[in-house]
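Chemist: Join the two chains into one complex using the hints; note that each chain is given alone, in its own frame.
Below are the chains, spelled out letter by letter.
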Amino acid sequence: MADLTASTLPTPGRTARGLSANITALMFTAPIILLLIVFFAVPLFDLFGFSFTAYRPGPRTSDGPATLVNFTAIFGDPFYLAMIANSLVLGLLTVVTTLLVGYPVAFYLTRASGWERTLISVACLLPIFVNLIVGILGWYILLLPFGVFQQILSSVGLVDGPLPWLRSFWTLVAVLTYEHVPFAILILASTIQAVPQDKINAARILGASTPRIVWNLMLPLTAPGLVASAILVFSLSVSSYLIPILISGPRTQVLPIAIFSYASELMNWPMASALALVLLIVVATITYAAAAVANRVTRRGQWEMV
Amino acid sequence: MAAIVGLGISCLAVNQLQAQEACTSMQVFLGIAPNHRENVMEYIAPKLKEKYNVELVAEAIGSANMVERITAQGANPRISIAQWDVPIGLTACEQGLCKPIDANRAPNTKNLADWAVTKDKDGNPNVLATNVLGVGIIYDEEQFKKNNMAPPKSWTDLNRPDMKGRLAITAPQSTMGTAALVMLAKNNGGGEANIDPGFDATKKLLPNIHTVFTWTSELSNLMQLGEVWAAVTSSNIAPALRAQGIPMKFVIPQEGSPTVNGGLSLVKGAPCEEAAYEYINLYYSDEFQALRMRKGATASPSASAWSKLTPEEQAGMGLTANDFSKLVNFDWRAINAARPGWIERWQREVR
Numbered sequence: 004m005a006d007l008t009a010s011t012l013p014t015p016g017r018t019a020r021g022l023s024a025n026i027t028a029l030m031f032t033a034p035i036i037l038l039l040i041v042f043f044a045v046p047l048f049d050l051f052g053f054s055f056t057a058y059r060p061g062p063r064t065s066d067g068p069a070t071l072v073n074f075t076a077i078f079g080d081p082f083y084l085a086m087i088a089n090s091l092v093l094g095l096l097t098v099v100t101t102l103l104v105g106y107p108v109a110f111y112l113t114r115a116s117g118w119e120r121t122l123i124s125v126a127c128l129l130p131i132f133v134n135l136i137v138g139i140l141g142w143y144i145l146l147l148p149f150g151v152f153q154q155i156l157s158s159v160g161l162v163d164g165p166l167p168w169l170r171s172f173w174t175l176v177a178v179l180t181y182e183h184v185p186f187a188i189l190i191l192a193s194t195i196q197a198v199p200q201d202k203i204n205a206a207r208i209l210g211a212s213t214p215r216i217v218w219n220l221m222l223p224l225t226a227p228g229l230v231a232s233a234i235l236v237f238s239l240s241v242s243s244y245l246i247p248i249l250i251s252g253p254r255t256q257v258l259p260i261a262i263f264s265y266a267s268e269l270m271n272w273p274m275a276s277a278l279a280l281v282l283l284i285v286v287a288t289i290t291y292a293a294a295a296v297a298n299r300v301t302r303r304g305q306w307e308m309v
Numbered sequence: 021m022a023a024i025v026g027l028g029i030s031c032l033a034v035n036q037l038q039a040q041e042a043c044t045s046m047q048v049f050l051g052i053a054p055n056h057r058e059n060v061m062e063y064i065a066p067k068l069k070e071k072y073n074v075e076l077v078a079e080a081i082g083s084a085n086m087v088e089r090i091t092a093q094g095a096n097p098r099i100s101i102a103q104w105d106v107p108i109g110l111t112a113c114e115q116g117l118c119k120p121i122d123a124n125r126a127p128n129t130k131n132l133a134d135w136a137v138t139k140d141k142d143g144n145p146n147v148l149a150t151n152v153l154g155v156g157i158i159y160d161e162e163q164f165k166k167n168n169m170a171p172p173k174s175w176t177d178l179n180r181p182d183m184k185g186r187l188a189i190t191a192p193q194s195t196m197g198t199a200a201l202v203m204l205a206k207n208n209g210g211g212e213a214n215i216d217p218g219f220d221a222t223k224k225l226l227p228n229i230h231t232v233f234t235w236t237s238e239l240s241n242l243m244q245l246g247e248v249w250a251a252v253t254s255s256n257i258a259p260a261l262r263a264q265g266i267p268m269k270f271v272i273p274q275e276g277s278p279t280v281n282g283g284l285s286l287v288k289g290a291p292c293e294e295a296a297y298e299y300i301n302l303y304y305s306d307e308f309q310a311l312r313m314r315k316g317a318t319a320s321p322s323a324s325a326w327s328k329l330t331p332e333e334q335a336g337m338g339l340t341a342n343d344f345s346k347l348v349n350f351d352w353r354a355i356n357a358a359r360p361g362w363i364e365r366w367q368r369e370v371r
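Top line first, the protein sequences correspond to chains A and B.
Numbering (my numbering) for the first sequence: 4 to 309.
Numbering (my numbering) for the second sequence: 21 to 371.
Only chain B is shown next, with the shape it has when bound in the complex (with noise of 0.2 Å):
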């Protein structure tokens, strides 16, 4: 009897060293941003191996692919952080994929601001904002200099007829597109609830349009090949792009940027907590944080990281923390459930 008893000890022991054994790599999703996965692979991914001897496994891949595929690994996901757009978070986690972050097992995450911290219903911070991203408008400052075509200043400006076949929009099914689509709304007497307004304002940019982009990828091909002058997308491109070495300004309009920040949640259900709670840590640290400004352009939520920059690093951001007022925060909760419906009359109408 004794040595089934020990058996079972042993076995429960057995068990229990497995579970502590099982955490050898941690897989995270990283969102699309420029050198993303590079800092994250140089700077965090180093640390962890030392602290916890755990491996990083990163993958970039788009919000709606990261639900996607969390969804599709059921009860048991082997992603322990998902870095998505705030507003594709938001619904995730009210579909249960995400567990509350608790920020004394990330004491960096304290720096954040309360604008960057979501919180469900019962008030536990379950989304963390990782970057500010404003919408607006680049365009290529060269190609409108010898054009003598002046500088956009506002969303109405999209209209002129200098910018016939030279415009780059993005559709709904990107956080980007659809954050510029209820900003046209706004700017048309509707907003979250009453989208129409949205859609005619679209329609009328259509001779315009050269291309709607689904990937950034295609809007830089196009500006690179000199195809497309001015595009509506986030603040981080345009430093991309003129890293490439083209010449592109990013525009906060006059009626104001939406915002669309990335964001990070822990995943329900995944291995590798511990570990996942230092790779938070260090992401909110102030040397990561500063290292993304100037690799990746994607302005820090963290007001003590801005610091760590110089003025004329500052400057070079396509949104500084000055900014951050000119920013234009929607009802993500209403746009999340509407937006399949948006989708789907975009790919009708719009052409």
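This is chain A alone, in the form it adopts within the complex (with noise of 0.2 Å):
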């Protein structure tokens, strides 16, 4: 109770390190608190007043009366709600292979050394030194109709003519996963370290068996790295722009095309704005809803540790 009272009557010498903490503290966020409301907040502001105003041909502005068309467009339609769910289970499908993918491979770079971790470790930041654009030509040159897999599979019989394999939905998850399994590698490696080998060691004599050892020990234990990363491959995917429309092109409805189309192509910002404010609550809420879950698992695996 003294301890309470003297926390909420703080003495002078103390406001004055507090306040001087925050003007240190401030001095050093000032610069990207800056940048944010400038090309972050603003333009959020105007993005959101575009999205309540209706198309109007000619000198755009954002000051016509507010009405909620573009929203009953979007909701109204088949079309852009399959496109909606199209770009949900892109994200989904692009997150679970990606962490599929990655976790094993974090999980060996945390235990090998020397040549091999480097080699595993150039491995993961090659990717992200090379332009977007070049690795995904690779891919389209690869997966073209009369491309190299195609040639090869139709010369051995097991495929009959061309296929349509560029532009459909699986390619692009498997070349958004190749693009973003590398993020999710460092930041899974990084929790995944910080799992002491003894507690494995020590769920093994207790007899535990590897899928235990993974399902009940290791994943509760990595659940923050999981949800990191799923969060940033996720929001990474749903929100990428050039892998669909040079992978899979109009074939594969997703929300960013139909949001450049209509910036660009047709000139109607309001619709342009409101289909982007659906994407960015989408995926605002499922990253809050999956930070939540995440924090009631990493209080498990808080309790597991004990």
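Only true hints are included.
Distance condition first, Cα-Cα at most 25 Å in a straight line; then the derived DMTMM-like pairs of lysine to aspartate or glutamate:
(1) B:223 <-> A:163
(2) B:67 <-> B:298
(3) B:184 <-> A:163
(4) B:223 <-> A:80
(5) B:224 <-> A:163
(6) B:346 <-> B:212
(7) B:173 <-> B:343
(8) B:166 <-> A:163
The hints are simulated quantities; they were obtained by calculation from the structure and are not laboratory data.
Modeler: Printed below as a string of structure tokens:
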């Protein structure tokens, strides 16, 4: 009780120190706050305004009467609902495949040493350094209807005729996974690193099978990393424009393609803004939900560590 | 008091001086075409620098993008000249982005035929054609010969089974794609006002289609890789690909080729009017038009420029002045009004 009073009634000296700490903190964070306000908050506010105005041809302004036409057009149209569902499924599938591919690699990376460690680290970092377009073009050329893969497979008689692999949903998932797996590995490796080998050894001595160790020990303890990489991969995949437009084209309709089309082909900024807002809200909601779930899972992890 | 007035006058003088000095560089949007920017920078830019001490800043971007960016600059655009596709320029001008072009201030524009000059409702020219493009079929002569395929002659040849998987078309997001869609509609009993037959005909093409391309660079890549052997696109692409060593030939289908001309407009409220007129005059000079035909393979709308070309050079063009009669002109005002709907419909129906 005395403690509480002491902390609720700060001494003058403390206030001064607190204030200067605040100023220091402000000085350190001011550049990013300023950048966010100018280049994120202001455009976002503009986007918000645009999404509630109706489209008018001619020079555009965001000061028309507020209306919900764009949103009724989006949510009253099975085409856009399917598009939103497409985007979500695409993001979730990419998260699943990225984690499935990334987790074992990350685990191995933390246990490896010497040249193996270097090799895996370089292999993870290299795709990030290579320009996105260069990376995608490799896939593009390999998967073309008359490209290398199909030529080989048809010469052995495994497939017949040009197949639209390039334009398929699954190819899109594969390329998004390929592009984003390095991020997941780097995040996962740091959390896996934090799991002490003692705990794994202890579990093994007590007779736990490998699947049981993974399920009851590794997954709960590395949950924060799993969730962090899932959130990152999900938001990167759902908002990716370049990969869908180059790989699947219009055959797989996703929100970013529609947003681009409305903004710069149809010159309909209100509709583009509304779609962008829908994308933003969907991603934000899912990120928040994932973070909330993560908190619970992490607590469970802590409990298991006792 | 006199001092104050004097100060005021000197301020005015300074302002005027600043207004004149403001034009040290002129920004221009160019249409994306082979060698377009290179030619402008090598021929027009030095002359502007010499005469007006104006630095030319030219950027080649898509027409729709130009409208977008000029609109975004509001009442004081910094772009003096926009060289957009005539159909797009037409709508942009109707939205109030252009100012009338005074032919007397750019005398070379008087060489233009009537069809090359688009006028506003008061009869003032606002979009001048810079080149004539036809939309038709280009095909890979070598591959066709190797595979015993007959060269395409008509729009219906696109449905030929031997083209399976080898055809590329472009979507109505591009002006070429819009023109092709209307042409297919016309061939099947529709037209600008009734586009359904165009969509039906496009859907019948789907088994043959390799790619619906958005950018001609994608088309060149696919042709270079030997993936695509025939495509619906504009007449200037074939000579450009030929220059890269890909044996492409342009065909005006027997039903006719829609024309999609490149155009030029003065942007309303933009600086550097004097330099802009000089630019236009230089652009329409016979020398420059001939240069564009040689290096960019875009047919000139100016009759006098054709005489600068040798008969061989004329034959090498995708389209010559003699072919102008085979070109079909569409009602672009009607098309522009309906086009956003077509683009949306295309996204839903043509996959």
